[in-house]
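Visitor: First to last, the sequence lines map onto chains A and B. The opening position of the first sequence corresponds to residue 147 in my numbering, with each subsequent residue numbered one higher. The opening position of the second sequence corresponds to residue 104 in my numbering, with each subsequent residue numbered one higher.
Treat the hints with caution; some may be incorrect.
[Claimed, not checked] Derived BS3-like pairs (lysine-lysine); straight-line CA-CA distance at most 30 Å:
no.: 1; chain 1: B; residue 1: K253; chain 2: B; residue 2: K124
no.: 2; chain 1: A; residue 1: K148; chain 2: B; residue 2: K127
no.: 3; chain 1: B; residue 1: K138; chain 2: B; residue 2: K199
no.: 4; chain 1: B; residue 1: K503; chain 2: A; residue 2: K168
no.: 5; chain 1: B; residue 1: K253; chain 2: A; residue 2: K200
no.: 6; chain 1: B; residue 1: K162; chain 2: B; residue 2: K124
no.: 7; chain 1: A; residue 1: K200; chain 2: B; residue 2: K511
no.: 8; chain 1: A; residue 1: K159; chain 2: B; residue 2: K496
no.: 9; chain 1: A; residue 1: K159; chain 2: B; residue 2: K518
no.: 10; chain 1: A; residue 1: K206; chain 2: B; residue 2: K207
no.: 11; chain 1: A; residue 1: K214; chain 2: B; residue 2: K493
no.: 12; chain 1: A; residue 1: K168; chain 2: B; residue 2: K124
no.: 13; chain 1: B; residue 1: K489; chain 2: A; residue 2: K206
no.: 14; chain 1: B; residue 1: K518; chain 2: A; residue 2: K206
no.: 15; chain 1: A; residue 1: K206; chain 2: B; residue 2: K535
no.: 16; chain 1: B; residue 1: K253; chain 2: A; residue 2: K214
no.: 17; chain 1: A; residue 1: K159; chain 2: B; residue 2: K493
no.: 18; chain 1: A; residue 1: K214; chain 2: B; residue 2: K518
no.: 19; chain 1: A; residue 1: K159; chain 2: B; residue 2: K503
no.: 20; chain 1: B; residue 1: K535; chain 2: A; residue 2: K159
no.: 21; chain 1: A; residue 1: K148; chain 2: B; residue 2: K503
no.: 22; chain 1: B; residue 1: K528; chain 2: A; residue 2: K206
[As the list claims (entries may be wrong)] Covered, in the sense of this in silico footprint (three residues per stretch, anywhere, with C-beta under 8 Å from a C-beta of chain B), are these stretches of chain A:
no.: 23; stretch: 147–159
no.: 24; stretch: 188–194
Quick caveat, the hints were computed from the structure, so don't treat them as lab data. The C-beta atom is built at its ideal place from N, Cα and C for all residues, glycine as well.
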Amino acid sequence: MKVDQIAVFLENKSGRLAAITKALSDNNINIRALSVADTADFGILRLIVDDTDKATRVLKEEGFTVGKTDVVAVEVADKPGGLGRVLAVLHEAGINVEYMYAFVEKSSENAVLIFRFDDPDMAITILQNAGIKILTGEEVRSI
Amino acid sequence: MIWNEEFETLPREELEILQLKRLKDLVQRSYYRVKPYRDKMDEAGIKPEHIRSLADLQKLPFTTKDFLRDNYPFGLFTLPLDQVVRVHASSGTTGKPTVVGYTKRDIETWAEVMARALACGGVHRGDVVHNAYGYGLFTGGLGAHYGAEKLGATVVPISGGQTKRQIMIMQDFGSNVLLATPSYALNIAETMEDMGVDSSKLSLRVGIFGAEPWSENMREEVEKKLGLKAIDIYGLSEIIGPGVSMECIEAQHGMHIFEDHFMPEIIDPDSGQVLPLGEKGELVFTTLTKQAFPLIRYRTKDITRLIAEPCICGRTFMRMEKITGRTDDMLIIRGVNVFPTQVEHVLMGIEGVEPHYQIIVNREGSMDTMEVQVEVSEQLFSDEVKNLEKLSKRIQVEIKDLIGSSCKITLVEPKTIQRSEGKAKRVIDNRKI
Numbered sequence: 147m148k149v150d151q152i153a154v155f156l157e158n159k160s161g162r163l164a165a166i167t168k169a170l171s172d173n174n175i176n177i178r179a180l181s182v183a184d185t186a187d188f189g190i191l192r193l194i195v196d197d198t199d200k201a202t203r204v205l206k207e208e209g210f211t212v213g214k215t216d217v218v219a220v221e222v223a224d225k226p227g228g229l230g231r232v233l234a235v236l237h238e239a240g241i242n243v244e245y246m247y248a249f250v251e252k253s254s255e256n257a258v259l260i261f262r263f264d265d266p267d268m269a270i271t272i273l274q275n276a277g278i279k280i281l282t283g284e285e286v287r288s289i
Numbered sequence: 104m105i106w107n108e109e110f111e112t113l114p115r116e117e118l119e120i121l122q123l124k125r126l127k128d129l130v131q132r133s134y135y136r137v138k139p140y141r142d143k144m145d146e147a148g149i150k151p152e153h154i155r156s157l158a159d160l161q162k163l164p165f166t167t168k169d170f171l172r173d174n175y176p177f178g179l180f181t182l183p184l185d186q187v188v189r190v191h192a193s194s195g196t197t198g199k200p201t202v203v204g205y206t207k208r209d210i211e212t213w214a215e216v217m218a219r220a221l222a223c224g225g226v227h228r229g230d231v232v233h234n235a236y237g238y239g240l241f242t243g244g245l246g247a248h249y250g251a252e253k254l255g256a257t258v259v260p261i262s263g264g265q266t267k268r269q270i271m272i273m274q275d276f277g278s279n280v281l282l283a284t285p286s287y288a289l290n291i292a293e294t295m296e297d298m299g300v301d302s303s304k305l306s307l308r309v310g311i312f313g314a315e316p317w318s319e320n321m322r323e324e325v326e327k328k329l330g331l332k333a334i335d336i337y338g339l340s341e342i343i344g345p346g347v348s349m350e351c352i353e354a355q356h357g358m359h360i361f362e363d364h365f366m367p368e369i370i371d372p373d374s375g376q377v378l379p380l381g382e383k384g385e386l387v388f389t390t391l392t393k394q395a396f397p398l399i400r401y402r403t404k405d406i407t408r409l410i411a412e413p414c415i416c417g418r419t420f421m422r423m424e425k426i427t428g429r430t431d432d433m434l435i436i437r438g439v440n441v442f443p444t445q446v447e448h449v450l451m452g453i454e455g456v457e458p459h460y461q462i463i464v465n466r467e468g469s470m471d472t473m474e475v476q477v478e479v480s481e482q483l484f485s486d487e488v489k490n491l492e493k494l495s496k497r498i499q500v501e502i503k504d505l506i507g508s509s510c511k512i513t514l515v516e517p518k519t520i521q522r523s524e525g526k527a528k529r530v531i532d533n534r535k536i
């Protein structure tokens with residue numbers, strides 16, 4: 147039920163993000179979701195793409211530091227309270243969110259939340275027990 | 104004023120007789136009491152009785168910082184610890200510092216040469232000496248302190264830091280003499296400007312600045328800003344600490360080496376050959392009188408030349424020019440010796456750190472700053488900001504713990520630090536000294 151995410155180290159200088167997107171587009175890799183964490187000194191780009199292995203290879207060849215992480219994708223209704231309910235469940239179970247980002251599905255009324263947990267398996271169990279829908283990697287990639 | 108007229112104006116022939124007598128004694132002591140020295144001399148086929156003239160000094164093997172490290176901490180002391188009343192330490196090339204020891208008489212010798220140095224700079228009994236050199240394992244603070252006391256001056260042992268308070272104390276105490284690193288002196292001057300304290304409100308007459316390289320431009324600047332005469336002092340802990348040589352206030356040109364205690368040579372750093380007098384090369388010292396931790400032909404790695412012409416001040420000791428460079432990549436940052444190998448030592452101790460790093464040194468205002476760039480390998484990388492921040496904090500703390508100087512850590516992408524063919528360019532020094 148976990149989804150592959152790739153993370154790329156970004157030095158704080160202009161043109162680095164552009165270099166990544168160019169490498170991906172040159173190799174016909176499509177980005178499904180992304181977020182950038184930035185600090186005063188560096189950034190971390192997190193991506194979910196349609197072909198994780200190929201993207202990893204391409205970016206490494208370009209000289210980037212690339213890491214692969216398991217994240218959890220949750221589907222909620224795209225309406226007020228959708229995210230709030232999920233967070234309430236996690237809070238009650240004492241699960242800490244390392245970071246998260248979200249995007250809206252273009253072909254439905256739903257939104258997808260991407261979560262990074264310390265223990266994704268535990269989080270998945272708790273979310274499923276609460277009746278929350280978890281998407282597979284396949285499902286996320288085909289959105 | 105000349106503190107010790109008898110020795111400081113000794114005719115050269117008499118000085119050389121004294122030096123030879125002391126050199127013979129030094130070689131004897133080192134050979135028979137210290138195994139590493141004996142092994143080294145045996146290997147070179149030299150016995151103490153082979154030293155018959157001052158020129159025979161050239162037959163003796165050099166001593167290097169690596170040799171000191173190999174015998175860390177007390178392996179080169181010629182006397183048991185019950186004769187050693189003090190130790191000091193300076194940066195080694197890796198994790199271990201270079202340790203030096205002093206007998207009671209060594210401490211007296213040090214006070215003597217430091218008193219001479221201060222007198223050379225025009226300091227005298229009755230002066231209030233504001234000693235902003237760091238006190239502690241660093242030789243600067245205590246070395247200057249004992250010399251100033253011997254001279255009969257009134258010492259304010261303020262050490263470094265708390266600059267505003269230092270300025271208040273100099274004002275209130277009417278300090279005449281400032282002892283500091285040149286960069287700290289400039290820092291004081293800038294803080295005075297910020298506080299709106301004009302140099303005319305202070306009574307400073309002389310500044311004795313050393314422990315790091317500084318230029319004639321910096322001399323002009325600090326003289327103007329603090330309203331004093333700026334004098335250069337040279338020393339290194341291995342030889343004794345501050346007080347190895349000192350500029351005289353009369354000429355302000357070249358530092359008189361106290362040759363009755365420290366014998367200089369200038370060598371070609373590559374061949375090790377002694378160069379003709381007046382040529383520029385690596386400075387080598389032999390300590391003629393030190394008891395606990397004498398050194399024979401110690402390679403300082405400082406580049407300079409000797410000046411043999413008589414000086415207007417009347418001292419017969421030769422002078423050395425301001426240090427113009429180093430034969431190694433040692434950096435001096437805010438008075439602290441930093442070797443790139445120390446930074447490397449820290450980085451290599453952290454799992455996953457690539458051996459690619461670069462040290463960038465800048466001067467912001469009067470303060471030197473050091474930045475260490477580290478490449479983020481896959482093993483170090485994390486998708487979480489907190490992990491990367493923890494990593495850079497850890498590197499920063501470990502470097503600070505080892506070298507005692509703080510630095511900024513910048514994580515950079517792999518392969519962005521320039522790879523060189525042959526010797527890696529580890530240091531970019533942007534300071535205009």
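Visitor: Holds or violated: K528 (chain B) with K206 (chain A), Cα cutoff 30 Å?
Guide: holds, 25 Å
Visitor: Straight-line Cα separation of K518 (chain B) and K206 (chain A) no greater than 30 Å?
Guide: holds, 11 Å
Visitor: Between K159 (chain A) and K503 (chain B), is the straight-line Cα distance small enough, at 30 Å or below?
Guide: holds, 27 Å
Visitor: Please work out if K489 (chain B) and K206 (chain A) have their alpha carbons no farther apart than 30 Å.
Guide: holds, 23 Å
Visitor: Mind taking a look at whether chain B covers the stretch 188–194 of chain A? Criterion is 3 or more residues with CB to CB distance under 8 Å.
Guide: holds (count 3)
Visitor: Hey, K159 (chain A) versus K496 (chain B), does the alpha-carbon distance stay inside 30 Å?
Guide: holds, 21 Å
Visitor: State whether the coverage of the stretch 147–159 of chain A by chain B holds or is violated, taking the criterion as 3 or more residues with Cβ-Cβ distances under 8 Å.
Guide: With 5 residues close enough to chain B, the hint holds.
Visitor: K162 (chain B) and K124 (chain B): Cα distance at most 30 Å?
Guide: Between K162 (chain B) and K124 (chain B) the Cα gap is close to 17 Å, so the pair holds against 30 Å.
Visitor: Within 30 Å, alpha carbon to alpha carbon, are K253 (chain B) and K200 (chain A)?
Guide: violated, 75 Å
Visitor: Hinted pair, alpha-carbon criterion (30 Å max): K206 (chain A), K535 (chain B). Please report holds or violated.
Guide: Distance of about 39 Å is beyond 30 Å: violated.
Visitor: Given the hinted pair K168 (chain A) and K124 (chain B), is their Cα-Cα distance within 30 Å?
Guide: violated, 77 Å
Visitor: Taking only the CA atoms, is the gap from K159 (chain A) to K493 (chain B) under or equal to 30 Å?
Guide: holds, 21 Å
Checked against the numbered hints given earlier, the structure breaks hints 2, 4, 5, 7, 10, 12, 15, 16 and 21 and satisfies all the rest.
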